[in-house]
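**Q** Next come the chains, spelled out residue by residue.
There are 2 protein chains.
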Amino acid sequence: MENHVVIMAGGIGSRFWPMSTPERPKQFLDVLGCGRTLIQMTVDRFLPLCPIERVWVVTSEAYRDIVREQLPQLPPENILLEPASRNTAPCIALACWKIRAAHPAANVVVSPADALVLDSGEYRRVISLALDFTADSDAIVTMGIKPSRPETGYGYIDAEGEGEIRHVRAFREKPSPETAGRYFREGHYLWNAGIFVWNIDTITSAIRQYAPQIASIMDTLAPYFHTAQEAERTRRLFPLCEKISIDYAVMEKSSSVYTVPSDFGWSDLGTWGSLRANSEKDTDGNALSGSPEVKVYDCEGCVVRVSTLKKVVLEGLKDYIVAEKDGTLMVCRLSEEQRIKDFEK
Amino acid sequence: MENHVVIMAGGIGSRFWPMSTPERPKQFLDVLGCGRTLIQMTVDRFLPLCPIERVWVVTSEAYRDIVREQLPQLPPENILLEPASRNTAPCIALACWKIRAAHPAANVVVSPADALVLDSGEYRRVISLALDFTADSDAIVTMGIKPSRPETGYGYIDAEGEGEIRHVRAFREKPSPETAGRYFREGHYLWNAGIFVWNIDTITSAIRQYAPQIASIMDTLAPYFHTAQEAERTRRLFPLCEKISIDYAVMEKSSSVYTVPSDFGWSDLGTWGSLRANSEKDTDGNALSGSPEVKVYDCEGCVVRVSTLKKVVLEGLKDYIVAEKDGTLMVCRLSEEQRIKDFEK
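Chains as they are written, first to last, in our numbering: chain A, 4 to 348; chain B, 4 to 348.
Okay, chain A solo, but in the shape it has when bound (with noise of 0.2 Å):
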């Protein structure tokens, strides 16, 4: 089998205004101030493990030129356009119907393009696993993250055995801090990071037996992807899929579902804090970005993040995010983060 690599880069997420805004969310900006957007950073990831030729980016219409412009390897016709926002089912199926057309023989990884991994080395390891896994057998893989505190902000998957592969039991929304404390204790619970892994009949069958509707719509499409009309039928019939998560509509249904539990620097980089987290800082703890300079004077863990300003002088602040872009600032408090999407209006 081939590996192919599905990566999900629609979002319009909205946690990082100013820095993030929906004409340039988070996925296509460098946060950690690396000189690489996270997009960029998810592709370089897989390349050892996958040509860009069989790397497939799915997205919305708005972000088709910066995919392109981030991208430039990526040949243009790997780039999906989303119509509409429906989620991730629509979103897999479409990119999978569409390797299917051509590869029938695709080994698929699905991951967003948002996502931070630390340790590329030791995520290519376990993928390849997982690879391995589902090259003979319609196993449907989500990879699961070793928890390194009792977070509250993500779902969990419980697996059960022993071994890098395991079986999953069931899947646990996010949970209170209590049942969170609970599960970081009996250790056999694991981060769910939406990072997928099976052979394109195992998800294209799965997808068929449990989200039916999703499943016509892709059948009926299926004879026009790699030709002329598939922009203009993907326009029409897409937005008629249900509007479900992969997780509703096939994971959490189906009984084959494993897991690899894995420790591989993970973040989903939701928030300011998670973005501090895994910037790199100075001796007091400020994750200043690279350009342009700025200084700090009695700050302390402080995350400052600007575009347009070409000189920021900071005093006295502690645990603060300082943000501009485009002229927009933005100076809150970590601790009060979840008032931003107020700030916005």
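Please note that a few of the clues may not be correct.
Given that identical chains are not distinguished, each listed pair holds provided it fits within a single copy or across any two copies.
[Claimed, not checked] Straight-line Cα separation of at most 30 Å, DSS-like style, residue types lysine-lysine; simulated pairs:
| # | residue 1 | residue 2 |
| --- | --- | --- |
| 1 | K177 | K149 |
| 2 | K284 | K313 |
| 3 | K314 | K284 |
| 4 | K348 | K314 |
| 5 | K246 | K177 |
| 6 | K344 | K314 |
| 7 | K177 | K348 |
| 8 | K284 | K149 |
| 9 | K348 | K246 |
| 10 | K246 | K344 |
| 11 | K256 | K149 |
| 12 | K344 | K313 |
| 13 | K177 | K344 |
| 14 | K246 | K256 |
| 15 | K256 | K177 |
| 16 | K348 | K321 |
Keep in mind that the hints were calculated from the coordinates and are not lab data.
Starting from the known structure of chain A, fit chain B onto it as the hints suggest.
**A** Chain B only, in chain A's frame:
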């Protein structure tokens, strides 16, 4: 006698960095966000006492265009350019020698361009009183501000006697907190605001007597004032003047110095704290500039002055300065504003 006003506008004050810069110092800024710059407010204040044709602005070559732009009614020949910064004594001598050459009956007020006066009516009342007094005497008047607190940041005037015009016994340097407390309690000490009133014969004679080096340079220049050669001769000779303040050169030496104890809502706006105190504030004590849009959440006692930024959202800041100019942003506690001079470097 006819009233004249000399406005000293050559300062490069750096305490409001980055709002003020050497390219556009404080006197040329709308620091209060009221739509008028400090030099415009200063000129406005005098117009009921003195027509614009008898207002003289002394500044440096670098600021000539800003003065012309901000004071379009001012006759261009009333802008005097100091080719070098030589403190207030040569500045005042230049203006007064030039005025005397064309207006031997001038009665003169000298004022800095960058101070604030909240009660312009009361200001004009006491200035008129001083002008009446100097019109037919050889008195040197320095306006005295009745202290509202034991301020250690100003020089003091020790006045004797009663009534609206009092003899000055002595000048006092910026005091220690203890001395400032005593000055405040004793009641006969006034803040030295650097606003002077005298007739043209009095000041030129006093400079001739107490600062003969400066007077002799001015005498050499005098034949060229109001001629085509004025600029070139000034450029050559003015820098030869010793660098000395009018206080040291004249005021502290003369025995005929008087003051008018005044209460016209004066501030030299020498600190961000004084700027905050004199600005319009929201119900939480935040002094926000009118434009661009500044939104505050759980903020108290902040001063915000931005220029390039289009939108500002602040959360959880108490007693901070947030200032931005041309892409340079500073966030600093008001209590630490004395450190700002180090931030510029």
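**Q** Give the relationship of K284 and K313 under a CA distance limit of 30 Å: within one copy only, between copies only, both, or neither.
**A** both (20 Å within a copy, 29 Å between copies)
**Q** Should K177 paired with K149 be assigned to within, between, both, or neither, using CA atoms and 30 Å as the limit?
**A** within (15 Å within a copy, 65 Å between copies)
**Q** At most 30 Å between alpha carbons: which applies to K177 and K348, within, between, both or neither?
**A** within (27 Å within a copy, 49 Å between copies)
**Q** Between the shortest in-copy and the shortest cross-copy C-alpha distance, which are at most 30 Å for K177 and K344: within, between, both, or neither?
**A** Intra 20 Å, inter 50 Å, cutoff 30 Å: intra-copy only.
**Q** Regarding K348 and K321, is the shortest C-alpha distance of 30 Å or less found within a copy, between copies, in both, or in neither?
**A** both (26 Å within a copy, 23 Å between copies)
**Q** Measure nothing new, just compare the shortest in-copy and cross-copy C-alpha distances for K246 and K256 to 30 Å and report within, between, both or neither.
**A** within (17 Å within a copy, 87 Å between copies)
**Q** For K284 and K149, with the copy left unspecified, which applies at a CA distance of at most 30 Å: within, between, both, or neither?
**A** This pair counts as within: shortest intra-copy Cα distance 24 Å, inter-copy 51 Å.
**Q** Between the shortest in-copy and the shortest cross-copy C-alpha distance, which are at most 30 Å for K256 and K177: within, between, both, or neither?
**A** Result: close within a single copy only, 18 Å intra versus 80 Å inter.
**Q** Classify it for me, K344 with K314: is the Cα-Cα distance of at most 30 Å met within a copy, between copies, both or neither?
**A** both (26 Å within a copy, 15 Å between copies)
**Q** If the cut is 30 Å between Cα atoms, do K348 and K246 qualify within a copy, between copies, both or neither?
**A** within (26 Å within a copy, 55 Å between copies)
**Q** My question is about K344 and K313: at a cut-off of 30 Å on alpha-carbon distance, are they close within one copy, between copies, both, or neither?
**A** This pair counts as both: shortest intra-copy Cα distance 26 Å, inter-copy 19 Å.
**Q** Pop the pair K246 and K177 into one bin, within, between, both or neither, using alpha-carbon distances up to 30 Å.
**A** For K246 and K177, the Cα distance is within 30 Å only inside one copy (20 Å; across copies 72 Å).
Of the numbered hints listed earlier, not one is contradicted by the structure.
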